[in-house]
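Make the full structure from the sequences, and use the hints.
Line by line, the protein sequences are chains A and B. Going by full-length UniProt numbering, 87 is the number at position 87 of the first sequence; the sequence numbering is gapless. Going by full-length UniProt numbering, 150 is the number at position 150 of the second sequence; the sequence numbering is gapless.
Source of the hints: derived by calculation from the structure; they are not laboratory data. Heads up, a few of these hints could be off.
Note that identical chains are pooled: a pair holds if it fits in a single copy or bridges any two copies.
[Claimed, not checked] Here are the simulated DSBU-like pairs of lysine-lysine, each with C-alpha atoms no more than 30 Å apart in a straight line:
#  : residue 1 : residue 2
1  : Lys231    : Lys204
2  : Lys7      : Lys31
3  : Lys315    : Lys35
4  : Lys204    : Lys7
5  : Lys316    : Lys148
6  : Lys231    : Lys31
7  : Lys315    : Lys31
8  : Lys31     : Lys148
9  : Lys7      : Lys231
10 : Lys293    : Lys7
Number of protein chains: 2
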Amino acid sequence: MDSISVKTSTNEYAVSIGPGLRFQMERFINKSYSKIFIITDSNVEPLYLPDVLQSLEPSFPVNYTVVPAGESSKSARVYFDIITEVIQSGLDRDSLIIALGGGMVGDLAGFVAATFMRGIDFIQMPTTILAHDSSVGGKVAINHPEGKNLIGSFYPPQAVVYDVDTLHTIPLMEIRSGYAEIVKHSFIHDQPFWEDIEEVDLTKPLLDDQLMNHLFRGIQVKANIVELDEKESNIRQYLNFGHTLGHALESELGYGKLTHGEAVAIGMLFAIKVSEAHFHTELPYQSLFEWLKRNHYPIALPPTINVNNLINRMKKDKKAKKQSVQMVLLRELGEPITESIEDFTLIGLLEQFLRELVDR
Amino acid sequence: MDSISVKTSTNEYAVSIGPGLRFQMERFINKSYSKIFIITDSNVEPLYLPDVLQSLEPSFPVNYTVVPAGESSKSARVYFDIITEVIQSGLDRDSLIIALGGGMVGDLAGFVAATFMRGIDFIQMPTTILAHDSSVGGKVAINHPEGKNLIGSFYPPQAVVYDVDTLHTIPLMEIRSGYAEIVKHSFIHDQPFWEDIEEVDLTKPLLDDQLMNHLFRGIQVKANIVELDEKESNIRQYLNFGHTLGHALESELGYGKLTHGEAVAIGMLFAIKVSEAHFHTELPYQSLFEWLKRNHYPIALPPTINVNNLINRMKKDKKAKKQSVQMVLLRELGEPITESIEDFTLIGLLEQFLRELVDR
Numbered sequence: 001m002d003s004i005s006v007k008t009s010t011n012e013y014a015v016s017i018g019p020g021l022r023f024q025m026e027r028f029i030n031k032s033y034s035k036i037f038i039i040t041d042s043n044v045e046p047l048y049l050p051d052v053l054q055s056l057e058p059s060f061p062v063n064y065t066v067v068p069a070g071e072s073s074k075s076a077r078v079y080f081d082i083i084t085e086v087i088q089s090g091l092d093r094d095s096l097i098i099a100l101g102g103g104m105v106g107d108l109a110g111f112v113a114a115t116f117m118r119g120i121d122f123i124q125m126p127t128t129i130l131a132h133d134s135s136v137g138g139k140v141a142i143n144h145p146e147g148k149n150l151i152g153s154f155y156p157p158q159a160v161v162y163d164v165d166t167l168h169t170i171p172l173m174e175i176r177s178g179y180a181e182i183v184k185h186s187f188i189h190d191q192p193f194w195e196d197i198e199e200v201d202l203t204k205p206l207l208d209d210q211l212m213n214h215l216f217r218g219i220q221v222k223a224n225i226v227e228l229d230e231k232e233s234n235i236r237q238y239l240n241f242g243h244t245l246g247h248a249l250e251s252e253l254g255y256g257k258l259t260h261g262e263a264v265a266i267g268m269l270f271a272i273k274v275s276e277a278h279f280h281t282e283l284p285y286q287s288l289f290e291w292l293k294r295n296h297y298p299i300a301l302p303p304t305i306n307v308n309n310l311i312n313r314m315k316k317d318k319k320a321k322k323q324s325v326q327m328v329l330l331r332e333l334g335e336p337i338t339e340s341i342e343d344f345t346l347i348g349l350l351e352q353f354l355r356e357l358v359d360r
Numbered sequence: 001m002d003s004i005s006v007k008t009s010t011n012e013y014a015v016s017i018g019p020g021l022r023f024q025m026e027r028f029i030n031k032s033y034s035k036i037f038i039i040t041d042s043n044v045e046p047l048y049l050p051d052v053l054q055s056l057e058p059s060f061p062v063n064y065t066v067v068p069a070g071e072s073s074k075s076a077r078v079y080f081d082i083i084t085e086v087i088q089s090g091l092d093r094d095s096l097i098i099a100l101g102g103g104m105v106g107d108l109a110g111f112v113a114a115t116f117m118r119g120i121d122f123i124q125m126p127t128t129i130l131a132h133d134s135s136v137g138g139k140v141a142i143n144h145p146e147g148k149n150l151i152g153s154f155y156p157p158q159a160v161v162y163d164v165d166t167l168h169t170i171p172l173m174e175i176r177s178g179y180a181e182i183v184k185h186s187f188i189h190d191q192p193f194w195e196d197i198e199e200v201d202l203t204k205p206l207l208d209d210q211l212m213n214h215l216f217r218g219i220q221v222k223a224n225i226v227e228l229d230e231k232e233s234n235i236r237q238y239l240n241f242g243h244t245l246g247h248a249l250e251s252e253l254g255y256g257k258l259t260h261g262e263a264v265a266i267g268m269l270f271a272i273k274v275s276e277a278h279f280h281t282e283l284p285y286q287s288l289f290e291w292l293k294r295n296h297y298p299i300a301l302p303p304t305i306n307v308n309n310l311i312n313r314m315k316k317d318k319k320a321k322k323q324s325v326q327m328v329l330l331r332e333l334g335e336p337i338t339e340s341i342e343d344f345t346l347i348g349l350l351e352q353f354l355r356e357l358v359d360r
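See below:
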């Protein structure tokens with residue numbers, strides 16, 4: 001088992017990564033909680049809930065709730081219903097919430113923990129590769145019909161328990177989605193990390209050692225950044241590399257057409273293209289492009305996609321300030337920087353980029 | 001104008017107390033906010049909203065919303081509707097929310113600020129005496145049908161701007177309610193503070209100097225305690241002096257029968273009674289009792305009130321731990337301490353106390 005420690009303004013927590021951790025939950029719980037309440041979803045429940053229950057029930061009174069899998073459960077309605085269940089299960093300030101699932105479950109359960117009785121302890125148990133990203137850093141939220149994650153808090157967990165066994169049951173599309181965020185962590189960090197990822201073949205069964213190594217290093221990049229800027233006033237923005245166009249594509253195409261990571265993958269390609277133009281430099285555009293193709297990432301976008309709509313959406317991004325689009329660019333691989341890009345420049349580059357994707 | 005500085009784990013803010021502050025809001029805003037959104041209620045709107053708008057509009061784009069006065073606006077429904085208005089008004093992470101009103105508005109608007117886009121700045125502008133308490137200390141919340149303040153955060157404001165002019169328009173019942181919390185602050189602090197309050201006559205127009213002095217000292221007591229224990233793990237519990245029975249009375253009689261402070265006043269009398277029995281000491285029970293009578297606090301409770309129900313409610317208190325009732329007692333005036341009281345003892349003392357109240 002590997003472990004990374006993350007310091008926040010209010011606590012310090014360990015991210016533990018290894019096989020079979022779901023059978024050893026008592027190792028990660030070091031308070032005498034009055035009750036434990038597990039929040040999971042309908043995909044994860046049949047696979048892993050019984051194991052987690054079995055490892056907790058000898059020591060704690062445990063209740064749980066299962067929400068429908070999918071982003072639509074990150075709603076105010078579901079949030080409020082869970083709060084009601086939590087109250088009716090008799091949880092108090094000395095109780096613990098466990099988020100067992102992917103990013104949706106972590107965000108939802110984390111926001112319940114952040115706001116029930118003004119905040120009680122919670123533990124993240126991510127079960128997807130993508131959640132290596134969302135489970136670390138303390139961002140929790142639910143969606144509003146007007147936009148994703150508009151209601152939320154910064155609320156760090158007490159621990160992140162990452163059982164890599166659970167990653168072998170996720171579909172290829174979700175593996176791609178999660179690996180895109182690992183790629184992002186490598187691009188904003190350094191060349192050797194990216195070169196290691198370049199060797200992975202996502203279409204074959206993942207090798208435990210390789211996967212754990214990539215997750216460990218990805219989490220380390222993220223942890224270092226959030227320790228320096230917990231509330232995203234500054235360098236935490238670097239984690240949005242690839243996300244400006246990524247988010248715009250997700251909402252323009254309609255959620256679910258591309259996974260989050262697939263949209264971010266295209267967003268990273270574009271961010272590299274813009275970086276090359278902006279800094280008159282050369283970056284591994286070609287090697288990322290080929291790796292994405294080799295691993296069957298969807299790359300060509302529908303020719304009907306509208307450049308002006310995309311740019312308007314990039315401006316509406318939660319992180320947008322003022323009028324022009326803010327993008328995280330790379331001066332060099334491993335040297336992220338936030339820059340304002342004028343509409344005129346952006347339109348030209350985006351049109352050229354979209355044409356190139358179709359041509360290839 | 002007087003000012004008290006409050007340090008929290010994440011910021012430091014000033015509580016400014018004085019007349020006419022609502023006309024000088026620009027003095028208290030030291031960032032270039034993209035937008036300001038004021039949340040107020042239907043009682044306060046006609047009295048003070050125009051003044052606040054007038055003092056802000058030259059410098060900022062301002063929107064506002066008015067919720068119905070009364071505790072029922074502290075609901076998930078109203079909260080969500082305000083979030084929607086806030087989004088539609090175009091607020092972003094660089095915007096400011098102002099809570100203009102009593103404790104209900106402060107709690108509700110504070111929770112909106114705490115959770116919109118994972119937290120944006122907010123300023124408390126309390127307009128009641130009771131809110132001298134709730135506006136300082138960073139507790140924000142909404143109610144759940146199962147209990148008050150069950151959904152909330154610890155989220156400090158950027159500033160508290162307390163215009164004492166606004167306190168002359170509140171009804172006598174609300175003056176009594178607010179003064180009960182000042183009395184509480186004196187009892188957990190020291191004798192001289194209580195002796196000063198003892199001289200006030202709430203049935204006559206309040207004298208500005210005296211009121212400001214009492215508010216200032218009450219806020220200082222509170223600020224000192226929350227600085228030492230922001231998240232209520234420890235000595236912040238002392239602020240619950242009088243609240244264990246107070247909360248039980250409020251819910252047993254039905255909210256609205258007694259104001260919060262009136263219920264706390266009876267709760268303090270009882271807490272003093274229990275303290276005297278527990279520590280074999282003598283406390284100013286009689287002088288508090290007489291002050292309450294002189295100022296027309298409702299003291300006699302309906303003879304039908306059920307002692308067992310009250311004790312069960314005292315056990316359900318959000319702050320209750322384990323099985324027996326926890327109460328804040330006084331070893332001496334100014335020396336609070338949290339103690340567990342056995343049911344057997346509590347029943348006897350409560351029955352005797354209720355009989356005495358009726359007899360007098």
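Hints, one by one, checked against the model:
1. Taking identical chains as interchangeable, the C-alpha atoms of Lys231 and Lys204 are never at most 30 Å apart, the minima being 38 Å within one chain and 49 Å between chains.
2. With identical chains, the CA atoms of Lys7 and Lys31 are at most 30 Å apart both within one copy (19 Å) and between copies (29 Å).
3. In this assembly of identical chains, Lys315 and Lys35 lie within 30 Å of each other by CA distance solely across copies; the values are 17 Å between and 44 Å within a copy.
4. For the identical chains of this complex, Lys204 and Lys7 are neighbours neither inside a copy (36 Å) nor across copies (55 Å), given an alpha-carbon limit of 30 Å.
5. Taking CA atoms no more than 30 Å apart as the test, Lys316 paired with Lys148 passes inside one copy only; the shortest distance there is 12 Å, against 36 Å between copies.
6. In the homo-oligomer, the alpha carbons of Lys231 and Lys31 lie at most 30 Å apart both inside one protomer (27 Å) and across protomers (18 Å), since each shortest distance falls under that limit.
7. In this homomeric assembly, Lys315 and Lys31 come within 30 Å of each other (Cα to Cα) only across copies, at 23 Å, whereas the closest approach inside a single copy is 45 Å.
8. Taking the shortest alpha-carbon separations for Lys31 and Lys148, only the inter-copy value of 27 Å comes in at or below 30 Å, while the best intra-copy value is 34 Å.
9. Within a single copy, Lys7 and Lys231 get their C-alpha atoms as close as 13 Å, and across copies as close as 19 Å, so both meet the 30 Å cut-off.
10. In this assembly of identical chains, Lys293 and Lys7 lie within 30 Å of each other by CA distance neither inside one copy nor across copies; the values are 37 Å within and 54 Å between.
Comparing the model with each numbered hint stated earlier shows that hints 1, 4, 10 do not hold.
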